[in-house]
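Asks: With chain A fixed as given, assemble chain B onto it according to the hints.
Number of protein chains: 2
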Amino acid sequence: MNTEQCLGFKAAGVHAGLKKEGELDLGLIYSETPAVLAAVFTRNQVQAAPVVLDRQRVASGRSRAVIVNSGNANCCTGNRGLQDAERMGAAAAGALGIAESDVLVASTGVIGQPLPVEKIEAAAPVLVEHLAADGFDHLARAIMTTDTEPKQVFRAGRAGDRPYHIMAVAKGAGMIRPDMATMLCFACTDAEVPQAFLGQALRRAVDASFNRISIDGDTSTNDTVILMANGQSGARLATAADEEHFAALLEDMLLELARWIVRDGEGVNKTVEIRVQGARTPAEALQVADTIAHSPLVKTAFFGQDANWGRILAAAGRAGVALDPDRLALYFDDVQMVAAGVGCGPEAEARATAVLKRPTFAVTLDLNLGTATARLLTCDFSLDYVRINADYRT
Amino acid sequence: MNTEQCLGFKAAGVHAGLKKEGELDLGLIYSETPAVLAAVFTRNQVQAAPVVLDRQRVASGRSRAVIVNSGNANCCTGNRGLQDAERMGAAAAGALGIAESDVLVASTGVIGQPLPVEKIEAAAPVLVEHLAADGFDHLARAIMTTDTEPKQVFRAGRAGDRPYHIMAVAKGAGMIRPDMATMLCFACTDAEVPQAFLGQALRRAVDASFNRISIDGDTSTNDTVILMANGQSGARLATAADEEHFAALLEDMLLELARWIVRDGEGVNKTVEIRVQGARTPAEALQVADTIAHSPLVKTAFFGQDANWGRILAAAGRAGVALDPDRLALYFDDVQMVAAGVGCGPEAEARATAVLKRPTFAVTLDLNLGTATARLLTCDFSLDYVRINADYRT
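From first to last, the protein sequence lines are chains A and B.
According to our numbering, the residues represented by the first sequence are 1495 to 1888, in order.
According to our numbering, the residues represented by the second sequence are 1495 to 1888, in order.
Worth flagging that the hints you see were computed from the coordinates, not collected in a lab.
Fair warning: this is a prediction, and the values are worked out from it, not measured in the lab.
Just some of the chain A residues that point at chain B, by a computed CB distance under 7 angstroms:
id	residue
1	1539
2	1540
3	1797
4	1804
5	1807
6	1808
7	1812
8	1836
9	1880
Backbone N, C-alpha and C define an ideal beta-carbon position, used for all residues, glycine too.
If we strip away everything but chain A, and leave its shape as in the complex, we get:
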């Protein structure tokens, strides 16, 4: 018996026929009682139909269920796509016996093909039959696209004397970058959380996690993070300390999912933390880190396990932030490669080469202009990334 449960929440995943080979492709998360809601959506201006629908429905601040499919993004599908998203929600609502307005919808997969909504409607009753308190693993599998493993995390917290729980599942893989990605994350807690604070906590956690990772710089039309709280544990966030404890737990678990998403990114062999320090402002630090984290030349060098620090300095130099090249210092983990803008020589190169062989390491660039810092998690750019994305639709 799995003890990792959120009281009053159930989940399920079934095969509706959208993906090949009988893989799970339709998931549901359901609260037996009304729940308050917070959500964060993609900032991409091209938004999938389910995102358009959800943006309307989350305004109420309440929800009971999320139905989600993989295999088709229901994006760039026009009015029919919106109707299909509504039908998908209605199918869940009907099978659950709740109001349509209490159901959110999410999709992930190929853009621009009509959603085979009839398959979803046919599978909805079966999906509801499969709902179980320990069904989150099936849900996590049902939202996978090129992910190689389901991603589920769990935390237990306390408010006053009472324990509560937070559960979250996510999918990522490609199209990951700050400001979200084709990443979906569904989280729930049985704590009793004021709706306004739930939104603050989620925004903070997303900014510190999913908005600090990058696979390839592309963002998606479908990114969605949804968090529901139903209070069924009886644990109420009554004090500022309770709220901080909850927010920290949530941030920590979303960060775990974010790191997992990068590690399981398409064709990823290395996860690399880009740290920029000594910047004049946090925004400038982030801009430099972002440019390094997205440089194909830097990322292919990571793949080649090549301590090609010149490419990192060149990326920083084109970031659009005023630098003093003669002040730059660069480190691979604790090995200093560059001091005052000049390479530290063959011994440093040899030591750095050992760092590059690690599956995970940090690149620290010190601009020596101020005290602001930024961190981003990125990955190498591999042959498999190209293979996966060249063949994605075939």
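Replies: Chain B in isolation, oriented as in the chain A frame:
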């Protein structure tokens, strides 16, 4: 006898020992008489020593020679690097018997390793001995890094009754993007061109060519375009029509080199022109085109010959330009894939798949918001790109 010559200009390329296997790695272009000069350099803030040196020397508006090596970028090499760049120029000046201030210096290759300037000094007299009016092919070979072929173009023009000539060589390959790249271009003309106009014409030609191509979004620390005019043909640009004719010839030849550079980019199988139209402003059109041209997901789909138009719309949606997704139209060459933000269906897909198999094609995105347009030349993102750049230093 090669008739493609610029009167009074000679060029050479020799092996100085910076590259492996006896490849040409040191080049020289020389005007027998004083020449006026225009130059454009990288906007990257991390600038190689030869770029720093040249920026000082071009202020005079006059030059006689450019010495250039491949195999080492002489970048992030500190004070020693600046001294090495000066020694490299002095070696050419000494062997040519001209003033050091009349020599420009360029380098391309790996960043961060000391330049073996002694090899260049030893080879300089041999280099000068090899100078010949038809030596531009050797020069073109001497500046290659991962280029697979030397790139040389020639044009003949007329001013009044007199013919003149323009010759240019270039190297590109990796690290190409708008605002230049590790690309070098050396051009010369025997026309008599006012120095101020030479600069205008070069800026216009570079903006229309090298600043409109992209291989991987990375820019270099060493980008340099130099144009010398020595007037030895006796053809003088005396009228506005003469100037326009010259500027158009120059733009056309640099565009030919730019397209060649993309076609010969690292691991490139497809050259793709990204055309954005119907934008509110040219800057917004360029921003959308730039985001599409650099999207790894778009470029891997090109490699896979997959008409995955959803990725193109998704890239446009994150470009930071206000769009109306319901107005978007997309074409692969003349095949319309998207109308009013919605895919045009299986027949369009089938026809587009045929377009994607072509070695070169155009992607046109119409925002339907205004009349501004922009064009960029990009390429696919291939397995070979990753292979080449993972192993570049080994």
